[in-house]
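J.: Each step along the sequence shown adds one to the number in my numbering, with nothing skipped, and position 82 is 89.
Check the hints yourself; a few may be wrong.
Below 20 Å or equal to it, Euclidean Cα-Cα: the simulated SDA-like pairs (lysine to any residue) are [as the list claims (entries may be wrong)]: (1) Lys123 <-> Asp64; (2) Lys49 <-> Ala118; (3) Lys51 <-> Asn21.
Keep in mind the hints are simulated off the structure, nothing from the lab.
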Amino acid sequence: MANWELVGELIVTNQWQSFPGEVVADTFRVITTIQNLDDWNKWKFKSSAYLRFYYPDGSASRNSYIKVIDIPTVYNLPVPNNLREQGYVIRTPQVIRASRYLPFTPEQNFAQWNFKIEALI
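Kindly produce the complete structure, drawing on both the sequences and the hints.
T.: Okay, structure coming up:
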């Protein structure tokens with residue numbers, strides 16, 4: 008049985024946001040939760056997210072595209088070998104909204120949803 012540790016939960020926005028905790032894991036579980044189904048299903052713009060990791064040397068990983076789905080999803084996102092060889096294994100997850108309507112659509116026109124990330128320990 009897998010043991011998951013909460014890294015954090017954020018409302019996805021049009022700006023990069025860092026989760027409150029650093030991680031050393033390579034495997035993560037993402038849970039997305041729509042805040043208002045009427046907004047999502049009727050008139051507000053839907054979105055997805057990009058997840059990336061920010062490293063202590065100031066670099067960031069490639070963006071991983073994350074869809075809003077109603078089941079927890081496991082992602083294997085290892086530290087790149089070149090960074091691991093340099094000793095960089097601690098990183099901070101970051102998230103931003105992904106939508107074809109960016110950047111011209113105001114924040115309030117998007118359906119709101121939460122992005123929860125857990126690390127496999």
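J.: May I ask which of the numbered hints given earlier this structure violates, with the numbers listed in increasing order?
T.: Failing hint: just 1.
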